[in-house]
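Residue numbers (the working numbering), protein chains in the order written: chain A, 559 to 1524; chain B, 307 to 502.
One thing to keep in mind: the hints can contain errors.
[Said to hold, decoys possible] Below, computed lysine-lysine pairings styled on BS3-like, alpha-carbon distance capped at 27 Å: (1) A/Lys1451 / B/Lys434; (2) B/Lys397 / B/Lys387; (3) A/Lys1451 / B/Lys426; (4) A/Lys1462 / B/Lys426.
[As the list claims (entries may be wrong)] Simulated DEER-style distance windows between Cβ atoms: (5) A/Thr1082 / B/Asn486: 56 to 62 Å; (6) A/Ile588 / B/Pro441: 20 to 26 Å; (7) A/Asp678 / B/Lys397: 36 to 42 Å; (8) A/Tyr1292 / B/Lys398: 53 to 59 Å; (9) B/Val479 / A/Arg1243: 55 to 61 Å; (10) B/Lys397 / A/Ala690: 53 to 59 Å; (11) A/Asn587 / B/Gln355: 24 to 30 Å; (12) B/Val479 / A/Thr1396: 21 to 27 Å; (13) B/Asp360 / A/Lys1080: 45 to 51 Å; (14) A/Arg1455 / B/Lys398: 36 to 42 Å; (15) A/Thr1082 / B/Val479: 58 to 64 Å.
[Unchecked claim] Here chain B is said to cover these stretches of chain A; the calculated rule only asks that three of the stretch's residues, wherever they fall, bring their Cβ under 8 Å from a Cβ of chain B: (16) 598-606; (17) 1378-1391; (18) 1440-1446.
To be clear, the hints were calculated from the coordinates, so they are not data collected in a lab.
All C-beta atoms, glycine included, are put in the ideal place defined by N, C-alpha and C.
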Amino acid sequence: MMNRRDFFRVVAASGATAAVTGCQRTAENILPLVVPNEHIVPGVAAWFATVCRECPAGCGVIARNREGRVVKLEGNPDHPVNQGALCARGQAALQGLYHPDRFAGPRLRDGAALKPVNWDAAQKVVADKIAALRSAGKGSAIALVTQLETGSLGAFLDTWTRALGTRPRLSFEPFGYEANRAANRITFGRDAIPYYAFEDARVVVSFGADFLETWLSNVNYARAFAHMHTFRDGRAGTYLHIEPRQSLTASNADEWVRNAPGSEGPLALAILKVMVDEGLADRRFGEAVARIDVKKVAADSGVPVETITRVARAFADGKPSLAIGGGMAVTGSNATQTLVAVNLLNAAAGNVGKTVRFGPDSAFGRVTPYAETARLVQAMARGEVEVLVLGSGVNPAYTLPGGLKFADAAKRVGLVVSFANQPDETTALAHVVLPDTHWLESWGDYSPREGVAGLMQPTMAPARDARPMGDTLLALGRAVLGSEAGKGPLPWATFEQYLKAAWEPSVKGAWASALRLGGVWKETAPVAVTARVAPVDPAPPTFEGTADGLALLAYPSFRFYDGRGASRAWLQEAPDTMTQAVWDPWVEIAAETAAKLGIARGDVVRVTSPHGAIELPAYVSPTLHPQAVAVPIGHRYAPYHIPRYVTAPLGPRNPVALLGPAAEGASGGPAYLGVRVTLAKTGARHPLAILQATHDQEGRELAQHVDLRAAREQALRGRQDHEAHTSMYPDPRYPGYRWGMAIDVDACIGCQACVVACQAENNVPVVGRAQAAYGRQLQWIRIERWAEGKPDRPTNLFLPMLCQHCEVAPCEPVCPVFAAYRTEEGLNGQVYNRCVGTRYCGNNCPYHVRRFNWFQYEFPAPLDVQLNPDVTVRQLGVMEKCTMCLQRIIAGKDHARDERRAVKDGDILTACQQTCPTRAITFGNLKDEQSAVVKFAHSPRAYHVLEEIGTRPSITYLQKVVREHA
Amino acid sequence: MGAKAGVGALALVLLAVLVFLAVSSWSRQPAVAKPSSQPINFPHSVHVQTYRIDCQYCHSDARRSEYAGLPSVERCMGCHKIAGAALPEVKKVADYYARSEPIPWVRVNKLPEFTYFPHKAHIRANVKCQTCHGPVETMTTFGAETGPRLTNDLLNLVGLRPAPPPLTMGWCVDCHRRQNATAGMHAPLDCVTCHH
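Next up, chain A with everything else stripped away, as it sits in the complex:
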């Protein structure tokens, strides 16, 4: 009798004659190492601790090295800042490491092109020019601009500038929080940014601070926020957010208060006034708000008096509470005064020293204020700068306000030297490029706040011909000074040597253990401050542009930061959670404005300010304040994206180009909220690639919520048993483990970190804009946004959606080849080598989580090196989906077997769970009654998505807890 497998064999053989010639196997070599590396066993991962440098937050990272190549990044659980979590940008850093556009060696400008040269030739050009300027006594014509470097590299660079007699180094960060520092100087007499202890606050009020996206240290604060806000044992803190736009951070608030652009300061003062008037704050704060008329503030800001009163009472009730401000989008000409008002609120509520802690001050306090950078650009424009050296990570041609005209000024500089390791808007102006090693290939250290000193070590050999910036500058400096290694002001042979010498006094021989831990952490003594109470000017910000224009809210993208993340295709394809748009940027226009101008979603709109114009497709928003229009900062494409993933944009799309050059007077910071723009339809259409068709659940209750009061009652009374669904199939039995997951919708903030982590772990390809628009994206997990309530003030629910691993899975019985089947451990398995691509399973999946390989997707070199060797790379015509990180389950079981024990709760972390900043995801054995996942599954808030269809998912969701007033 012929069995099924033989049948396929014969069927396959009928095509044999055609295929025979293609079946010859070529001999394959296996190469042993000549001398083995004792730290690396082929097939076994080695982990190296370092510090993420994708933004100045400085989270700890551990890099998973397989066979000499880093394949995955995870948060360092021992690092005090991120405590094991990592954001989407951190996860995507690997795509910077293996970026196809990375420079392979130095470049020298030859006309319009940058031509490859050798290191000696490139360095000679720079050294000769610097030496000539020095001998002419023109050291001040040499300028060095780097990103924020707090550790040894910063100290080394300053040694270098002194040794060569150049201008002092600028620590340039586009988002520098100058106004926060200035306000702290005024109120507390301390030019620093404190640590904000969200975890200890009971009520948080944010005045436009996007602390779940980019503000200061988003992973740190997201973790602390989850601790404060997520419902646990009947307790949950309150979070109120005031901003003209419903940002991702705003949509996580229990109440989002929409105010007129720039009115945060007056609102903060009105709240303080109410607190003083109602006796909720010390009388001495009355002096600061003597001239405040709450009714006038209400009228100007569009926030009703009742709302102001309610926020004031909630804030005073917090004990401790926490008020924060200074999001870039709301940083206008009145930013310092606004933040002084926020400081007074904290002081009046008694939060200083409790939730506002000076002592563990943020590294942002060391950023060179924007005004200094602007002065340098003006000096460049006057021809006073002849050599401009730009460190890696800075891209002033893209990130400086358009009104400053950096590109024009740079053209007057004789020699622009860039250390960037991939092309950007600034290398397009550079004469010499000396590519720096990627931070995953470099020695270094970074201290994101006092008391936390993270150590960086190379996690692999450079993927491209690159040299550490420190090494190159040492070579340049010695060439200029004519000194030898070991002598003179720059004696170190390499920057690594400098670093180790700098660390020796503090680690005292314990270098290896500090390296293994990822750094050295110390308790920092708190610094006591007293608040100076003085009247605050409640003036609105000043705007350039026509009075009838709309205020431009240029806000940092949580995916791209200031643009440095945009070259990573994973981040381009992880949708913006609020709009669900991928790849393209957009201009967010209020529904009222759009109706007036006849603009529909996808219409190309020209946004004009006094400093320039950009053209972007429109996204019509029911929530945006009608006096505002919002454009995300940071959307740019890398050369290799075009035309592989997107078509080339027709014109500039950077909102920063629309901003004026003026610095905010009090702080010297940039004014991101400083221009009014006009909108005009161009007549062209550019539909956005939006991955979620609707945000309306249509009563399906996919993402569920429960009232805080009801949640508390349930927590006391316990769970009411659900009615079990009957099935026509026999109940499956699980001889060993049964894996399952719990996802707390109350904790999910929609940050997309899990989406990118999964893509990195599971070799998920990038499909590009056009395919994504067809709904052919391949990510195994997605964050759905569901809006409840009034369309203009919705409560947003974020629902991570992935394969539910149903016990009665609709995908399984429809598969003609048994590629989809139920494993012994309760997973829904997908066998790629069996799959013939009928797509019946995908059509029958009610959760729409199965993904089909419509094409043979490529991993452009050297991105293919990043592929996880433990996961099959799927090919054309194969269906795929979440495996619950099966390779990690297998590794966890293997590890437990080595120790002759069963898998313990917490042994196995899925990639999405591991990276989640708010710990919204829990994975474990559903047969272990003591496991965290079972405890969640028995929670009164537990439910299954589409429970009524009887699929019996292995994933339990926990309802979001909404506050009564929301």
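Keeping the supplied structure of chain A fixed, place chain B upon it in accordance with the hints.
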């Protein structure tokens, strides 16, 4: 007539069997590559039988990794600096070492890339190397006699040669089943254990 028909039927059956074998051996993934000339004529038989060297002395990653691993050139030289240093094949090893070059061994055993085979778990379960790799200790040229090729299948059919391990999925699964049934093991049978 009866006898003639019988012979005809037998011939037909034989032909069918041969055709089926040819087809089946073609369509099976060749887990073993063609015996090719290795860069160095390395006799496993001498190392294992004459000098009693344990498999894991050279393939030392087998107990800790997915891959069994090949000895580094340095490890070869650990013995061959002295032992047999004058032999022409050993001189080739010394030459590679002197040039700091890896020896370009030709792969013999290969599973398809959608299959994950961890050596470590099998060593832990006390599976002998020979169970899958055949009697390597007797081989002068490794892999010359194994593999699901037509000649092997025919020779096996007439009993001229013991069946070499074919390293096919059915063979793996049969062994797992047998171990579970007879030796009280818990060898996994889930597809996704090896295909993920």
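Now for the hints, and whether the structure bears them out:
Between A/Lys1451 and B/Lys434, the direct Cα distance comes to roughly 22 Å. Compliance with the 27 Å bound is thereby established for this hinted pair. Proposed proximity of B/Lys397 and B/Lys387 is supported: the alpha carbons are some 9 Å apart, at most 27 Å. In summary, the hint linking A/Lys1451 to B/Lys426 is supported, as the alpha carbons are separated by about 13 Å, within the 27 Å threshold. The suggested pairing of A/Lys1462 with B/Lys426 holds, with an alpha-carbon distance near 21 Å, which does not exceed 27 Å.
Roughly 58 Å separates the CB atoms of A/Thr1082 and B/Asn486, a value that falls within the hinted 56 to 62 Å. At about 21 Å, the beta-carbon gap between A/Ile588 and B/Pro441 stays in the expected band of 20 to 26 Å. A C-beta distance of roughly 40 Å is found between A/Asp678 and B/Lys397, which places it inside the suggested range of 36 to 42 Å. For the pair A/Tyr1292 and B/Lys398, the beta carbons lie near 55 Å from each other, so the given range of 53 to 59 Å is met.
For the pair B/Val479 and A/Arg1243, the supplied restraint of 55 to 61 Å holds, since their beta-carbon distance comes to about 56 Å. One distance hint, 53 to 59 Å for the beta-carbon pair B/Lys397 and A/Ala690, holds here, with the actual separation near 58 Å. Separation of A/Asn587 from B/Gln355 is about 27 Å and conforms to the stated range, judged on CB atoms against 24 to 30 Å. Between B/Val479 and A/Thr1396 the Cβ separation comes to about 25 Å, which falls inside the hinted range of 21 to 27 Å.
Look at B/Asp360 against A/Lys1080: about 50 Å separates their beta carbons, and that is inside 45 to 51 Å. A beta carbon spacing of about 41 Å between A/Arg1455 and B/Lys398 agrees with the range 36 to 42 Å that was offered as a hint. Checked against the hint of 58 to 64 Å, the pair A/Thr1082 and B/Val479 passes, with Cβ atoms roughly 60 Å apart. Check on the region 598-606 of chain A: 4 of its residues sit with their Cβ under 8 Å from a Cβ of chain B, so the three-residue criterion for coverage holds.
Restraint check on the region 1378-1391 of chain A versus chain B: 10 residues with Cβ-Cβ distances below 8 Å, three needed, restraint holds. Coverage of the region 1440-1446 of chain A by chain B holds. Counting CB-CB distances below 8 Å, 3 residues qualify, and the rule asks for three or more.
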